[in-house]
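Quick note, the sequences are listed as chains A and B, same order. Heads up: the first sequence is residues 1 to 290, going by the working numbering. Heads up: the second sequence is residues 1 to 290, going by the working numbering.
Rather than coming from a laboratory, the hints here were simulated on the basis of the structure. Every value quoted in this text rests on a predicted model; they were computed, and no experiment measured them. Take every hint as true, because none was put in to throw you off.
Identical copies carry no separate label here, and so any pair may be met within one copy or between two of them.
Simulated crosslink set (BS3-like; lysine-lysine; CA at most 25 angstroms straight-line): (1) 252 <-> 89; (2) 89 <-> 63; (3) 179 <-> 236; (4) 179 <-> 276; (5) 202 <-> 264; (6) 89 <-> 49; (7) 236 <-> 276; (8) 173 <-> 252.
Protein chains: 2
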Amino acid sequence: MIILLGGNGYIGSAYRSYLQNSGMPFCSPPRRQLDCVDAIRLADFLREKEADFLINAAGYTGKPNVDACEENKADCLLGNAVLPGVVAKACALVNIPWGHVSSGCLYSGRRADGAGFTEEDPPNFSFRQSNCSFYSGCKALGEEVLAGAPQCYIWRLRIPFDEVDSPRNYLSKLMRYEKLLDVENSLSHLGEFVQATLQCRKQNLPFGVYNMTNPGSVTTREVVELIQDSGVRRWKPQYFASEESFMQTAAKAPRSSCVLDSSKITGAGIVLTPVKEAIRNALRNWRPED
Amino acid sequence: MIILLGGNGYIGSAYRSYLQNSGMPFCSPPRRQLDCVDAIRLADFLREKEADFLINAAGYTGKPNVDACEENKADCLLGNAVLPGVVAKACALVNIPWGHVSSGCLYSGRRADGAGFTEEDPPNFSFRQSNCSFYSGCKALGEEVLAGAPQCYIWRLRIPFDEVDSPRNYLSKLMRYEKLLDVENSLSHLGEFVQATLQCRKQNLPFGVYNMTNPGSVTTREVVELIQDSGVRRWKPQYFASEESFMQTAAKAPRSSCVLDSSKITGAGIVLTPVKEAIRNALRNWRPED
Numbered sequence: 001m002i003i004l005l006g007g008n009g010y011i012g013s014a015y016r017s018y019l020q021n022s023g024m025p026f027c028s029p030p031r032r033q034l035d036c037v038d039a040i041r042l043a044d045f046l047r048e049k050e051a052d053f054l055i056n057a058a059g060y061t062g063k064p065n066v067d068a069c070e071e072n073k074a075d076c077l078l079g080n081a082v083l084p085g086v087v088a089k090a091c092a093l094v095n096i097p098w099g100h101v102s103s104g105c106l107y108s109g110r111r112a113d114g115a116g117f118t119e120e121d122p123p124n125f126s127f128r129q130s131n132c133s134f135y136s137g138c139k140a141l142g143e144e145v146l147a148g149a150p151q152c153y154i155w156r157l158r159i160p161f162d163e164v165d166s167p168r169n170y171l172s173k174l175m176r177y178e179k180l181l182d183v184e185n186s187l188s189h190l191g192e193f194v195q196a197t198l199q200c201r202k203q204n205l206p207f208g209v210y211n212m213t214n215p216g217s218v219t220t221r222e223v224v225e226l227i228q229d230s231g232v233r234r235w236k237p238q239y240f241a242s243e244e245s246f247m248q249t250a251a252k253a254p255r256s257s258c259v260l261d262s263s264k265i266t267g268a269g270i271v272l273t274p275v276k277e278a279i280r281n282a283l284r285n286w287r288p289e290d
Numbered sequence: 001m002i003i004l005l006g007g008n009g010y011i012g013s014a015y016r017s018y019l020q021n022s023g024m025p026f027c028s029p030p031r032r033q034l035d036c037v038d039a040i041r042l043a044d045f046l047r048e049k050e051a052d053f054l055i056n057a058a059g060y061t062g063k064p065n066v067d068a069c070e071e072n073k074a075d076c077l078l079g080n081a082v083l084p085g086v087v088a089k090a091c092a093l094v095n096i097p098w099g100h101v102s103s104g105c106l107y108s109g110r111r112a113d114g115a116g117f118t119e120e121d122p123p124n125f126s127f128r129q130s131n132c133s134f135y136s137g138c139k140a141l142g143e144e145v146l147a148g149a150p151q152c153y154i155w156r157l158r159i160p161f162d163e164v165d166s167p168r169n170y171l172s173k174l175m176r177y178e179k180l181l182d183v184e185n186s187l188s189h190l191g192e193f194v195q196a197t198l199q200c201r202k203q204n205l206p207f208g209v210y211n212m213t214n215p216g217s218v219t220t221r222e223v224v225e226l227i228q229d230s231g232v233r234r235w236k237p238q239y240f241a242s243e244e245s246f247m248q249t250a251a252k253a254p255r256s257s258c259v260l261d262s263s264k265i266t267g268a269g270i271v272l273t274p275v276k277e278a279i280r281n282a283l284r285n286w287r288p289e290d
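With the hints as extra help, turn the sequences into a complete structure.
Take a look at the structure:
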């Protein structure tokens with residue numbers, strides 16, 4: 001039995017669909033049912049359900065975007081830094097493996113040598129390293145809290161997208177803005193992310209951190225071109241002259257734009273579609289919101 | 001009615017004694033009674049008790065010392081960074097003023113100009129600024145969470161001591177070690193701290209941050225001399241050659257040693273005994289543990 005925390009969120013819903021479709025037995029307790037700071041109670045629940053794996057897709061992301069985390073700092077800390085520690089304690093008490101949905105937003109830019117960041121590179125967009133967003137700081141603390149946790153996968157998602165129009169889908173977000181910031185990023189196709197994380201378990205990969213992004217990177221302008229080419233939306237977005245101008249007029253929290261190296265997970269034999277191809281596929285199969 | 005959170009801790013116990021002795025009506029709910037992440041429930045409790053002030057002396061400090069925070073990061077974040085935000089929300093909901101016991105451990109050293117740190121100086125021993133201890137990082141996040149909270153005093157305590165022998169009393173701690181690190185610090189006499197914080201309320205001082213340390217600073221060697229002179233204990237402690245050697249052999253977390261400027265609170269007419277005199281007085285009235 002797999003326990004799914006955060007099953008009603010954007011990422012959690014993708015896990016629900018996948019687990020349902022693949023017929024894997026799972027249970028996703030509603031938030032109210034579990035005290036998110038009581039590891040003993042969570043451990044009791046895991047025992048009662050005879051859980052043999054847990055997925056933590058719960059977290060606080062801020063709506064409509066990450067700026068909301070600057071206003072709700074206690075919630076952001078609780079959901080992204082404290083909760084992972086509580087889950088780690090509970091899973092250790094009942095001795096089961098588990099996976100935590102982390103984020104690639106712990107990084108900014110590329111490595112000094114021009115390559116993408118690997119799992120060995122310490123976060124550079126965290127409270128410890130830079131003037132990061134409160135959200136990124138909390139996600140980085142979440143990973144720091146989990147350092148040394150036994151039987152724990154840390155799966156780094158980075159800017160999820162797929163073929164379903166939604167306010168949380170990166171492609172939908174881009175299409176809804178008239179003015180964009182041109183930056184370079186690695187991205188994660190949501191369905192591929194979910195499948196790849198469950199492959200870690202199936203193939204008994206070593207525990208630890210995995211960058212779960214589609215290989216490669218794209219700039220905002222490149223994604224806009226792919227959208228134009230697909231015909232899903234035709235518009236001429238403007239671009240901010242610089243990150244400073246974006247920060248001054250449109251954002252509260254600095255954004256993490258970064259390139260991740262996904263060779264650890266692909267090297268383990270888990271296939272992820274190169275990012276531009278994955279975007280093209282999503283746009284080809286685009287399903288507008290009802 | 002004053003609500004005291006954390007009334008069973010070292011600092012909270014000093015508040016209990018003071019409030020009892022001065023006949024001020026107060027109520028200190030046990031930890032179990034209040035869900036520390038539920039602001040709505042705390043607000044209901046405040047209404048029910050007709051609270052007109054709250055003191056948050058709850059926090060996670062680690063036993064026997066701050067190194068324990070490196071092992072219990074989720075608890076440390078919860079008690080020191082999330083809880084203040086929850087209390088702020090609850091007090092805002094019922095529109096009452098309150099005070100948060102923060103810490104001077106957000107700083108290291110002295111200002112570049114040689115002076116002590118004032119309330120205007122941003123913390124330099126925090127996740128955002130340095131390779132701080134997890135405890136200091138969490139306390140600094142707690143203050144960051146409270147930025148902009150209405151009707152909120154932030155009272156910075158720094159290394160509490162008094163005349164009562166106790167494992168949490170700085171003087172007792174020093175006497176129990178055979179090998180010490182010689183550093184310079186500001187300190188807070190616990191009883192004077194408690195009295196001064198309640199004076200803020202009585203005198204309707206403006207809300208905001210207050211360094212609540214006894215004026216001046218002392219080095220470890222100076223405190224040892226004061227202890228020797230008092231006759232309370234006569235021993236010849238050794239000293240670590242350097243902070244590096246201390247970190248290598250005796251500690252996990254880097255320590256905050258710092259000098260604070262307490263002129264904001266003393267300038268408001270609240271009297272605190274100069275630190276060396278306060279230490280001499282405590283040693284003169286020393287009460288050994290039973």
